[in-house]
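Q: Spelled out from the first residue to the last, the chains are:
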Amino acid sequence: MTEHVVVVRAAAPPEARRRTHGWLALLRPWAFPFVLLGLYEAYARRAAALGSEALAPPSAALKALATAAADGSLWQATGFTLGTAAIGLLLGAVLGVSLGIALGLSRRAARLSLLSIEVLRPVPSVALIPLAMLMFGFGVRMELAIVAFATFWPMLILVQSAVQQVEPRLLEVSRVLGLSARQRAWKIVLPAVVPRLFVALRLGVAVALVVAVTVEIAANPNGMGYAMMIAQQSFDPALMLGWLGWIGGVGFVINAAMLRLQRAVARRMGAAP
Amino acid sequence: MDGTGFLRFDDVSICLGGREILSPTSFEVARGEFVCIVGPSGCGKTTLLRAASGLVKASAGAILRSGKPVAEPSREVAFVFQDYGRALLPWRSVAGNVSLALEAAGIVTADRPPRIDDVLGKVGLAKHAHKFPAQLSGGMQQRAQIARCLAQKPELMMMDEPFGALDALTRQGLQDELSRLVRDDGLTVLFVTHDLEEAIYLGDRVIALQANPGPGRPSLARMIDVRIERPRDQLTTKEHPEFLRLRRELFAFIEQGHD
Chain A
1 MTEHVVVVRA
11 AAPPEARRRT
21 HGWLALLRPW
31 AFPFVLLGLY
41 EAYARRAAAL
51 GSEALAPPSA
61 ALKALATAAA
71 DGSLWQATGF
81 TLGTAAIGLL
91 LGAVLGVSLG
101 IALGLSRRAA
111 RLSLLSIEVL
121 RPVPSVALIP
131 LAMLMFGFGV
141 RMELAIVAFA
151 TFWPMLILVQ
161 SAVQQVEPRL
171 LEVSRVLGLS
181 ARQRAWKIVL
191 PAVVPRLFVA
201 LRLGVAVALV
211 VAVTVEIAAN
221 PNGMGYAMMI
231 AQQSFDPALM
241 LGWLGWIGGV
251 GFVINAAMLR
261 LQRAVARRMG
271 AAP
Chain B
1 MDGTGFLRFD
11 DVSICLGGRE
21 ILSPTSFEVA
31 RGEFVCIVGP
41 SGCGKTTLLR
51 AASGLVKASA
61 GAILRSGKPV
71 AEPSREVAFV
81 FQDYGRALLP
91 WRSVAGNVSL
101 ALEAAGIVTA
111 DRPPRIDDVL
121 GKVGLAKHAH
131 KFPAQLSGGM
141 QQRAQIARCL
151 AQKPELMMMD
161 EPFGALDALT
171 RQGLQDELSR
181 LVRDDGLTVL
191 FVTHDLEEAI
201 YLGDRVIALQ
211 ANPGPGRPSL
221 ARMIDVRIER
231 PRDQLTTKEH
241 PEFLRLRREL
251 FAFIEQGHD
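Chains A and B are the protein sequences, given in the same order. Anchor point for the first sequence: position 206 equals 206 in this note's numbering, and the numbering is continuous, going up by one each time. Anchor point for the second sequence: position 104 equals 104 in this note's numbering, and the numbering is continuous, going up by one each time.
Next up, chain B with everything else stripped away, as it sits in the complex (with noise of 0.2 angstroms):
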């Protein structure tokens, strides 16, 4: 990790309606970083991370990513949505939908095939390719749509509670695919959830955030670094001391933040 800041927020707040949803904020993420976002809803950690992508303007501070300020969507950095059941092109089928971001970068015709294939293959689709999404389940449209954005070949993922929709099993089967997969590719991912095992499990670093932010009391309440070493194993790694404790100390946070 280099020190420079691939991604930096600097004094950002957002309001929405007239109400502050995010104070002051300030942090990094480096190049390569896998950074969690928790805190209990309505805190904000969603609209920060639409900020992040330019799909919502910060009220005051600047964003910047690689030196430049986030004015717009832009291709080098993909968004999952939590609602891949309205994220995904009904009409198209798994491999209509990737290919819909080769359409959108203007990649021509015959150089998609290949390149969806190769997603399709990443996230364990290859066999799904002709199928509509209202065929697959839930753990597989999820799956088409983090292909989708995998296809764009981001330099930077912002996933918004990915896996919240889905039950236990196929969320921890997922965990470990984006594990591999960023691993793989080297993508910096900024990752939404409120469960706060998934954020120390999947993070090299934890952002919790508080809702209600006023004077004193600024929306980002803890950073922590989850020096846990990769790969990670559901078992072992949960089992670990640092896990828990780190668990602790979180969870004592989100409990007060409850009062």
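The following block holds chain A by itself, in its conformation from the complex (with noise of 0.2 angstroms):
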């Protein structure tokens, strides 16, 4: 299910442009997703009146919220889910990161590799939830072990790719000034791939929320996702919508911040403003 796409990003729109309209511009996004939250309300609350336990209205889902955040069971919930998949992200990152320079760096390892990871890389990292539960049982392990799994290839296979177009003019002058492999790999290697590193870490992040969510979801009783299948399964779409919305826009914070901090590194990293 987590498919690695690695989105180009269009350009920023024109500052201008984004200018002229001031606060208008900035609303009108929210324009969309407020009407279909309307309709979806009105509809949602005639549904209820007929008897249905399927949907309930936003208004219900954010009051079944407000009571979870008052009872501290949000809180608790969304920080395991968050401070899982950090951790997990981090296990991936380094060993993806710290590999993808090394197989960046020599064309031989990199061939020497080349099968093993296309034959591990494909595989759908939620398949490994029973291994995983084998061999950790229930709990923070199991997902951490999965989410390190599946944020570690895309960190893999972009470090490298990153590694590999490092300006070979770059790599001349380390080498006409003498500078040793240690030297090359911290002063020209390293910060050279930072601003693209960032563009991976931007990608694990949300692999990580998503790996995250789903192992709750599916085996480990813990977490945002498993809260939500709690709350389905007890037959209150209200809670349980309550959460889809929440977790969705833990999501959208986290990934709008990440795409703060690309843009800030690459501009601190030499990037053209």
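These are calculated hints, taken from the structure and not from any lab test. Computed from a predicted model, the values in this text were never measured in an experiment. Mixed in with the good hints there might be a few duds.
Stated by the list, open to error - Some chain A residues close to chain B (C-beta under 7 angstroms, calculated; not the full set):
(1) Glu167
(2) Val173
(3) Arg175
(4) Leu179
(5) Val189
(6) Leu190
(7) Pro191
(8) Arg267
(9) Met269
Backbone N, C-alpha and C fix where the C-beta goes; we use that ideal spot for every residue, glycine too.
Fit the two chains together into the complex; they arrive one by one in their own frames, and the hints show the way.
A: Put into structure tokens, the structure is as follows:
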């Protein structure tokens, strides 16, 4: 399910166009979602009035979410999922980045490992749930392992290609200046790949979040995914919908923050302003 | 100039991808000499320079520096690339870029700032030490690269069309600065250019290469000494009868090369 597709973002719209309309332009993207929510609210209220147990209006979902926030279960589950996703991503990223740099620097190592990577990479990470459950049982470690596995591959592939695309002239400069192999890695290659590394990291964050929630829905009795499942199984569509909206919101905020971070890093590392 | 040959080419030939770029070529460069290499594009002048610095291996023959064969790039040999935009680290300031050469040479942190200030002063970038390459003009970026090379304290400087991408005025300014730097520091320079006037103006000697070498057509086509006194001047030197004579001689050769 986790397809590692690299989405190349189109350049941001010209600054001028954004500025001319001011507040109106800022509000415009919200208009469509709010209209949809309004329509859904009306529809779900009618369905609820007719006795449906599958649908709940957004207002009820919001109320259920507020209750969860008040009793602390919202924060506990959110903290669990985000914490596990973060640590899993850290594991996957550290391994992926170090191996990616090694494979990017050595054509021979890249050739030798190509087959193993191409065989292992397409394994859907959720297909590892049974194996991880056998090895680690329920709980944090199982989820960590799967998140780390899922984020390892995109980090590896992206970092490897970033290293292979380091400006060849800079590598020649390091040769004529007489930099040691270690200096070359730390002073030339690593800084040169940092902007792309953050692109990879942003993708990794998205993957980590998706996989963490999926593992919780499928197996691990913890976190936001599990809370949503429980709400569904106890016929509480309002709470289930509340969780769904919350998970979407959290994902949106994290992705937006990563995008800003990535751009700030790219600027600092000498990208044209 | 001593005749011992600080840098020596002994029947050096270079083949790349099965094609002979440089046919067996021999010449010597004395310590402190400024030698310019001219020729049409594709004549192997850049390849010759890269071989002399150890970036490319010669297919046959030997390149000796101070009597020892050149195998790998060395810190005593600096290389100024034409594409300064790609040769500078965009994430380091001008001072940081210069510092890279000192870091490579294992100079301790405390000793770096005075040496950085020194070379930046020499190339006139003292006020721009904290700017990043993207904030500088092309001429200033090339100065930064030259400063980094000077920081290596090289005894030999390889320059591959360093002013080729600059506008005429900036180029003239940098030519005069380079002449002064080379004289002050007693550097030996191997300077590749496709600009005949630049070659005669800067060089003690000009080596002309021709493209498509083969039997009866060696790569090294001409070698002329430039006996025009220094310091040279953009106006009077370029009106000097000797300058005009050499220019005519080389120009005629380059014209022939295009048959």
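Q: Does each hint hold? Answer for all of them.
A: Hint check results:
1. Because the closest C-beta pair between Glu167 (chain A) and chain B is about 5 angstroms apart, less than 7 angstroms, the hint holds.
2. About 5 angstroms separates the beta-carbon of Val173 (chain A) from the nearest beta-carbon of chain B, less than 7 angstroms, and the hint is met.
3. Below 7 angstroms, beta-carbon pairs count as interface contacts, and Arg175 (chain A) has one with chain B at about 5 angstroms; its hint therefore holds.
4. Evaluation of the Leu179 (chain A) hint against chain B yields a held restraint, the C-beta minimum of about 5 angstroms falling below 7 angstroms.
5. For Val189 (chain A), the suggested interface contact is broken, since its CB lies about 11 angstroms from the closest CB of chain B, more than 7 angstroms.
6. Of the supplied interface hints, the one on Leu190 (chain A) is violated, with its beta-carbon coming no nearer than about 10 angstroms to a beta-carbon of chain B, more than 7 angstroms.
7. Interface restraint check for Pro191 (chain A): the shortest CB-CB distance to chain B comes to about 5 angstroms, inside 7 angstroms, so the restraint holds.
8. A least Cβ separation of about 10 angstroms between Arg267 (chain A) and chain B goes past the 7 angstroms threshold, and the interface hint is therefore violated.
9. A least Cβ separation of about 4 angstroms between Met269 (chain A) and chain B falls short of the 7 angstroms threshold, and the interface hint therefore holds.
Checked against the numbered hints above, the structure violates hints 5, 6, 8; every other hint is satisfied.
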